[in-house]
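Taking the working numbering as reference, the numbering of the sequence shown is continuous, increasing by one, and the terminal residue is 292.
Hints are not guaranteed to be accurate.
[As the list claims (entries may be wrong)] DMTMM-like, lysine to aspartate or glutamate: derived pairs with alpha carbons at most 20 Å apart:
no., residue 1, residue 2
1, K144, D133
2, K144, E155
3, K249, E194
4, K144, E74
5, K105, E61
6, K43, D245
7, K43, D199
8, K172, E142
9, K292, E198
10, K105, E64
11, K43, E155
12, K292, D44
13, K34, E71
14, K41, E155
15, K45, D288
16, K67, E94
17, K172, D245
18, K122, D79
19, K122, D271
20, K136, E182
21, K172, E185
22, K172, E182
23, K292, D199
24, K34, D257
25, K41, E198
26, K34, E94
27, K105, E94
28, K67, E283
29, K105, D79
30, K34, E74
31, K41, E71
32, K172, E155
33, K292, D257
34, K122, E94
35, K172, D199
36, K45, E74
[Unchecked claim] Computed Cβ-Cβ distance ranges for the label pairs, DEER-style:
no., residue 1, residue 2, range
37, I4, S101, 54 to 64 Å
38, D133, D65, 18 to 28 Å
39, S101, T178, 32 to 42 Å
No lab work stands behind these hints: they were computed from the structure.
Cβ atoms here follow ideal geometry from the backbone N, Cα and C, with glycine treated the same way.
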Amino acid sequence: MRILFILLIIGMALLAFIIFESRIESADFVVTKYRVFSNKVKDKNYPIRVIMLSDLHNREYGEDNKRLFEAIERRNPDLIILAGDMITDNVGEANARVLSFIEKLSCRFPVFYGYGNHEDKALRLSREGDFDIQKALCHLEEKGTAVLDNASGEITIRGTIFKLFGLTLPKEAYSRTRKYELSERDINNLVGECSPEDFNILIAHSPYFYETYDRWGADLIFSGHVHGGVVRFGSVGLITPQFDLFYKRSRGMFTDKESGTHIVSGGLGDHRIPFRVFNRPELIVTDIYRK
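Generate coordinates for the entire structure from the input sequences, incorporating the hints supplied.
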């Protein structure tokens, strides 16, 4: 009985620590900075700055995400990438506030929006009488956001041509039980072929298929989805939304064998597992320099 009592006390203390630590960490975000080098960049004097957001899940940092907007504005990006799950699959008015925030960003900066599994599911589950997510996303596009739902776009920044590809994977790719296979041909069929002479950015919400992304030819890949592994032990996350344990590519920058650099965001919000330990929400700033 004495041992059980001690274990109970330890368990309660551990739970209290997790709750306390999670509340502190979730109160604000950190800014994570990366550097990427490429001979495709034309500007020799200044880097091209890309800010990436993912997995906001309707979270608000201040009223109308004022703190998040101001943090982005202070860093004056040339380009903003949204790497999916900015909303949740619950089709409702909470999504409207996030889309309004994205519209505000688009009025100030070029914004390219790639879908995650929550955008895809919200569109598939949209019912008459619900918040019209399809109409809201079309409105967002009309106001200047480049919405890349298995589509591509292009922007020229100080002489460098950027080709951007938004890869929306089918729901089977997010299954916890079924192995989904993705080939380079599949990516070509969904978003088109990359351009060898231009700088190719692939917005791919799930990081699981990074080897295929790299073989496809992306120079820079932005992913999210795994929320940093929720609880982090050094460079390794504990568990992903697909319940994979100790998935190594849950947060950080990774250089792959062929050519590409893969940046995986720990995300800005939470969803199914609503806490974080040693895993602050993050806003990612990537400066791309001429090599």
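Hints and how they fare:
1. Distance hint between K144 and D133 is fulfilled; the C-alpha atoms sit about 17 Å from each other, no more than 20 Å.
2. Among the hinted pairs, K144 with E155 is consistent with the structure: their alpha-carbon atoms are about 17 Å apart, no more than 20 Å.
3. Note on K249 and E194: the hinted pairing is violated, with a Cα-Cα distance of about 28 Å set against a maximum of 20 Å.
4. Only pairs whose Cα atoms come within 20 Å are accepted, and K144 paired with E74 is accepted, the gap being roughly 19 Å.
5. Simply put, K105 and E61 have alpha-carbon atoms about 14 Å apart, close enough for the 20 Å limit, and the pair holds.
6. The straight-line distance between the Cα atoms of K43 and D245 is roughly 41 Å, outside the 20 Å bound, and the hint therefore fails.
7. In summary, the hint linking K43 to D199 is supported, as the alpha carbons are separated by about 11 Å, within the 20 Å threshold.
8. For the proposed pair K172 and E142, the alpha carbon gap of about 24 Å is over 20 Å, so the pair is violated.
9. Note on K292 and E198: the hinted pairing holds, with a Cα-Cα distance of about 15 Å set against a maximum of 20 Å.
10. About 13 Å separates the Cα atoms of K105 and E64, which keeps this hinted pair within 20 Å; it holds.
11. Proposed proximity of K43 and E155 is supported: the alpha carbons are some 16 Å apart, at most 20 Å.
12. At roughly 10 Å between alpha-carbon atoms, K292 and D44 fall within 20 Å of each other, so this suggested pair holds.
13. Restraint check for K34 and E71: the C-alpha separation of about 17 Å stays at or below 20 Å, so the hint holds.
14. The suggested pairing of K41 with E155 holds, with an alpha-carbon distance near 15 Å, which does not exceed 20 Å.
15. Note on K45 and D288: the hinted pairing holds, with a Cα-Cα distance of about 13 Å set against a maximum of 20 Å.
16. With a CA separation close to 18 Å, the supplied pair K67 and E94 stays within the 20 Å bound.
17. At roughly 17 Å between alpha-carbon atoms, K172 and D245 fall within 20 Å of each other, so this suggested pair holds.
18. Restraint check for K122 and D79: the C-alpha separation of about 30 Å exceeds 20 Å, so the hint is violated.
19. For the hint linking K122 to D271, the alpha-carbon distance of about 17 Å falls within 20 Å, and the restraint holds.
20. Between K136 and E182 the alpha-carbon distance is near 32 Å, which puts this suggested pair outside the 20 Å criterion.
21. At roughly 18 Å between alpha-carbon atoms, K172 and E185 fall within 20 Å of each other, so this suggested pair holds.
22. A C-alpha spacing of about 12 Å is found between K172 and E182, which places the hinted pair at or below 20 Å, so the restraint holds.
23. Taking the CA atoms of K292 and D199, the gap is about 14 Å. The hint holds against a cut of 20 Å.
24. Taking the CA atoms of K34 and D257, the gap is about 19 Å. The hint holds against a cut of 20 Å.
25. Pair hint K41 plus E198 holds up; C-alpha atoms about 7 Å apart against a cutoff of 20 Å.
26. Between K34 and E94, the direct Cα distance comes to roughly 33 Å. Violation of the 20 Å bound is thereby established for this hinted pair.
27. For the given pair, K105 sits about 17 Å from E94 by alpha-carbon distance, which is consistent with the 20 Å threshold.
28. Annotation: proposed proximity of K67 to E283 holds, straight-line Cα distance about 16 Å (limit 20 Å).
29. A hinted pair counts as satisfied when its Cα atoms are at most 20 Å apart, and K105 with D79 qualifies at roughly 15 Å.
30. Among the hinted pairs, K34 with E74 is consistent with the structure: their alpha-carbon atoms are about 15 Å apart, no more than 20 Å.
31. Restraint check for K41 and E71: not satisfied, since their Cα atoms lie roughly 30 Å apart, outside the 20 Å limit.
32. Taking the CA atoms of K172 and E155, the gap is near 27 Å; set against the 20 Å cutoff, the hint is violated.
33. Among the hinted pairs, K292 with D257 is consistent with the structure: their alpha-carbon atoms are about 17 Å apart, no more than 20 Å.
34. Proposed proximity of K122 and E94 is supported: the alpha carbons are some 16 Å apart, at most 20 Å.
35. Restraint check for K172 and D199: not satisfied, since their Cα atoms lie roughly 31 Å apart, outside the 20 Å limit.
36. The suggested pairing of K45 with E74 is violated, with an alpha-carbon distance near 24 Å, which exceeds 20 Å.
37. Checked against the hint of 54 to 64 Å, the C-beta distance between I4 and S101 comes to roughly 55 Å, which is consistent with it.
38. Range check, D133 to D65: Cβ separation about 21 Å, and the 18 to 28 Å hint holds.
39. A beta carbon spacing of about 37 Å between S101 and T178 agrees with the range 32 to 42 Å that was offered as a hint.
Violated hints for the displayed structure, listed by number in ascending order: 3, 6, 8, 18, 20, 26, 31, 32, 35 and 36.
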